[in-house]
Amino acid sequence: MLSLMDNPTHLHTTRVAIIGGGPAGLMAAQALAEAGVAADVYDAMPSVGRKFLLAGRGGMNITHAEDYPTFVRRYGKRSAALRPMLDAFTPQQVRDWIHGLGIATFVGTSGRVFPTDMKAAPLLRAWLHRLKEQGVRFHQRHRWIGWSGDGALRLASPDGEVLVRADAVVLALGGGSWARLGSDGAWVPLLQQAGVDTAPLAPSNCGFDVGWSEHFSARHAGEPLTTVAIGYDGADGVTVWKKGQFVVTATGIEGSLVYALSAPLRDRIASDGSATIYLDLLPDLPAERVLDDVSKPRGSRSMSSHLQSRLGIKGVKAGLLRERASKEECADPEQLARVLKRLPVVLRAPRPIDEAISSAGGVRFEALEGTMVKALPGVFVAGEMMDWEAPTGGYLLTACFATGIQAANDVVAWLGRGAG
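The C-terminal position of the sequence shown is numbered 1772 in my numbering, with every residue numbered one higher than the one before it.
It is worth saying that the hints were derived from the structure and are not from the lab.
Predicted model only: the values in this text are computed from it and were never measured.
Take these hints with a grain of salt, some might be off.
Stated by the list, open to error - Within a straight-line C-alpha distance of at most 30 Å, the following computed BS3-like cross-link-like pairs (lysine-lysine) qualify: (1) Lys1693 with Lys1648; (2) Lys1666 with Lys1693; (3) Lys1595 with Lys1429; (4) Lys1594 with Lys1726; (5) Lys1693 with Lys1679; (6) Lys1594 with Lys1693.
Said to hold, decoys possible - Label pairs and their calculated CB-CB ranges: (7) Pro1541 with Asp1619: 19 to 29 Å; (8) Ser1647 with Pro1616: 27 to 37 Å; (9) Pro1696 with Asp1636: 17 to 27 Å.
The C-beta atom is built at its ideal place from N, Cα and C for all residues, glycine as well.
Whenever a hint applies, use it, and build me the whole structure from the sequences.
In structure tokens form, the structure reads like this:
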């Protein structure tokens, strides 16, 4: 528990208090300001948008340009619940909004949408400038710690505890990943104590532990596999394959291909204790071609030299074969061809949530009326606090924006009804 200074309690009043200065909270503030509703944003960190900035270090992927029905399906079991919000702020509208801030965008070869300069900082600066011009007020180093006995928000600040009285509250505190940037999930017990139904927070877009041998880990940790496919057995028993790239780590695997499959693999581990994936080390070659090549006479060459010469199996791919295939499999051409196309690797656990790009779980949609918490009239939620998840590729940010706008619209409607 955060210890508070002994200074006298300070009191703030505002029409709407937004707790959390990430994408969802900032978008809620914008929508409220455009509706003429005064809003104050409170954030625990010294500056807002910290996770937004860090996520943009490798290139600010803001949304995705694929066809809209496919885009919506990326949200899995929560697609139907999110669809109305996404309809109101589509990927194209995300781009239009960015262009309105004076930032140009382009579509990459993968369909991902980026600012032209690939950077998050200019976009955030322009956005904050716009918000301040619209009258949004910001309060940094204000950490929400619950409610007072009479329903005021309690926040810990450098000057002591602050009580905030508001006509409505938007909670946009993020999920449980990247705690050092503010998304620490500390809000979960506060809402549970208030009778709000939440799903446990879990890592999403995460890596997994395998349990490599010391020899393999020391030799290959950090090496990428740039042409590979991962398969896993779906609920119907049919193996689902996806091609891409990932990286071997000291303890397991991570990277874009792994993140794209992390939700079903995480859930399989939760239910069964482990999850088996299959690696196709030669995804561009048909099985018949692989069998033909490994069956050719190799003369005095070793099998490793033969595989490198015929199929380009070397480095980390050769290491994986030695790590996970038996001597008997490698000695028999048919078995060897089979494991080159379907090498089993057992995943033992997802990496800790604080290492994940995002998190699953949060306030269940069944606990909400729109975005308002049924158990807490006048309290609304947005962003990763809600129980949805999505792969990387601009889907996370787009849904955060869309849920922030929806929360603001629900606030305006609620206030217009006379707060109940």
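Inset, instruction - Return the numbers of the hints above that this structure violates; sort them in rising order. - result: 4
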